[in-house]
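Chain by chain, the residues run as shown.
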Amino acid sequence: MQNAKDSFYMALRTRLVAINPERTMLLRGAVRPGILVEEAEAPMSQPPSDVFVLRWLGLGIDTDISTSMAAEQCEIVYQTCGSQSFGGLDRGRALSEMDEELTAMIEPYWTPKLNYAATPPGTMLTKVFWEEPSFAPIQIQRDRLLRTASVIVYSYQEQGE
Amino acid sequence: MATTWYSAPAPVARRVRGYFAPVNRAAQTPVLFDPSEQGGFSLDAPPTPWMSLGWIQDFSRKSTSKTTAVLTGIPAAATEQVRETLEAQVSLEFLNWTKLTMALATGSQHMNLLAPASGTTPSADGAQAVSAVTPQSGSTATSIVLASSDAAKFLPGSIIAADVDYTGQTGYVGSPVAGAYVRQALTDVDYVRRVTFNVALVASVSSTGLTLAEPLPGGALQPGMKVQAVSGFVDREGGSFYQEWSALFVVEGSQGERVIFNYPRLQSMTGAEEMAMPLNSKNQDWPSRVLLKAQFLALPVTDPLDGERVVCYRSFLPAANALV
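From first to last, the protein sequence lines are chains H and P.
Quick note: the first sequence, position 159, residue 159 per the numbering used here, numbers continuous.
Quick note: the second sequence, position 254, residue 254 per the numbering used here, numbers continuous.
Worth flagging that the hints you see were computed from the coordinates, not collected in a lab.
The model shown is predicted, which means the values in this text are computed figures rather than measured ones.
Incorrect hints may appear among the rest.
[Claimed, not checked] What the simulated footprint calls covered on chain P by chain H, stretch by stretch (three residues with Cβ under 8 Å from a Cβ of chain H suffice, anywhere in the stretch; the number is not a length):
(1) 5-14
(2) 246-256
[As the list claims (entries may be wrong)] A few chain P residues that don't get close to chain H, going by computed Cβ distances all over 12 Å:
(3) 80
(4) 102
(5) 152
(6) 240
(7) 267
(8) 275
All C-beta atoms, glycine included, are put in the ideal place defined by N, C-alpha and C.
Construct the entire structure; sequences and hints are all you get.
Written out as structure tokens, the structure reads:
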């Protein structure tokens with residue numbers, strides 16, 4: 001299951017770089033694409049703004065088929081206060097931009113499954129695939145707009161996983 | 001040693017893609033599809049002459065063939081089975097409205113509403129049309145060369161139909177797809193352009209002609225073809241013409257495997273029908289998307305491999321590394 005989670009994150013990260021290379025963040029002293037996995041970073045009181053944060057939640061396993069299938073719920077949280085140059089008055093536009101980027105990142109709805117524990121990452125036998133995201137209503141926290149999108153990510157459990 | 005295979009469960013698919021190609025009605029020749037050679041085609045670029053109709057919804061197919069047992073002995077017992085009738089049906093919903101999807105989803109001929117001439121008598125399927133213009137040499141599938149006075153009669157964003165004048169011929173008419181069957185000679189010189197599938201959107205107009213947003217289905221204009229503006233489409237409940245097409249339905253699984261249903265001959269079998277699909281399934285009061293519902297009867301072809309009569313081929317192209 002970890003391989004599927006890693007593959008999903010890396011697919012979105014690669015696609016984000018192509019869609020909007022300017023969406024970056026400074027994290028642990030390095031400039032990286034503006035997307036991170038919450039459980040793989042130090043605990044934070046509030047997710048960073050203008051960055052996509054992947055949060056893994058629910059898990060289901062279907063063992064009634066020849067190769068077990070895992071269904072993992074990924075919540076993608078993103079928020080923005082808009083830009084300083086506009087005094088935050090463009091926060092609605094900034095959130096719409098992130099909505100569009102996420103919609104574009106999600107397609108196509110599959111990616112090859114890779115084992116990122118190996119160097120270089122090893123291509124596995126199956127693919128990871130997922131559903132269309134379901135977008136929750138905007139949450140308003142003072143001058144901050146926050147949106148959560150939920151995606152169910154499916155993968156087959158290969159031998160040795 | 002690392003495992004290089006896995007046991008693949010049943011395909012998991014999001015949607016079904018539909019592709020259609022015209023049957024040569026006069027010669028009764030369907031379009032062949034070879035899954036061994038063409039099965040891996042890019043879903044966005046089907047092999048010629050297949051035309052993509054995009055994603056379809058509620059695809060279902062059922063065999064209505066009947067078999068019966070041959071009984072012998074006392075008491076009678078089945079010793080073998082024979083196929084009494086051979087028949088299958090396909091139904092689906094198109095997610096977009098185009099000339100082709102409308103035509104496929106109607107049980108009769110589908111017509112172009114030619115732009116009317118001024119002061120003509122109204123007609124339910126389009127009044128007398130503005131005269132067609134004659135293209136000049138050098139026209140291609142996406143560019144129509146016209147005299148400047150003729151080009152000025154068209155606007156960017158308009159639709160055009162290109163085909164020959166009707167000159168009293170009977171039988172199947174329309175190019176590249178038979179759009180109607182004429183039983184007795186008619187008097188409308190524009191009749192072939194009323195039923196032709198050779199239509200396209202005009203992207204831009206210049207003093208030398210039209211640039212089309214999409215290629216004409218019939219390719220470069222043939223000698224004798226003329227061009228007319230189209231303002232929309234119309235079909236009728238009734239009539240004696242049945243659309244007949246070769247069809248491909250492709251189900252692509254999550255692991256890249258493909259199930260391909262090839263119906264060499266499909267005839268529409270019901271009149272025009274629409275389905276309303278609410279945009280929000282939890283709130284039926286929301287606006288609804290109007291889908292075109294189509295139902296087809298599969299007709300048989302004789303398989304040259306062994307002379308058997310069949311109505312459908314189902315192919316399965318397994319995913320890479322999957323056990324078979």
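Comparing the hints with the structure gives:
no.	hint	verdict
1	5-14	holds (count 8)
2	246-256	holds (count 3)
3	80	holds (34 Å)
4	102	holds (27 Å)
5	152	holds (40 Å)
6	240	holds (44 Å)
7	267	holds (34 Å)
8	275	holds (21 Å)
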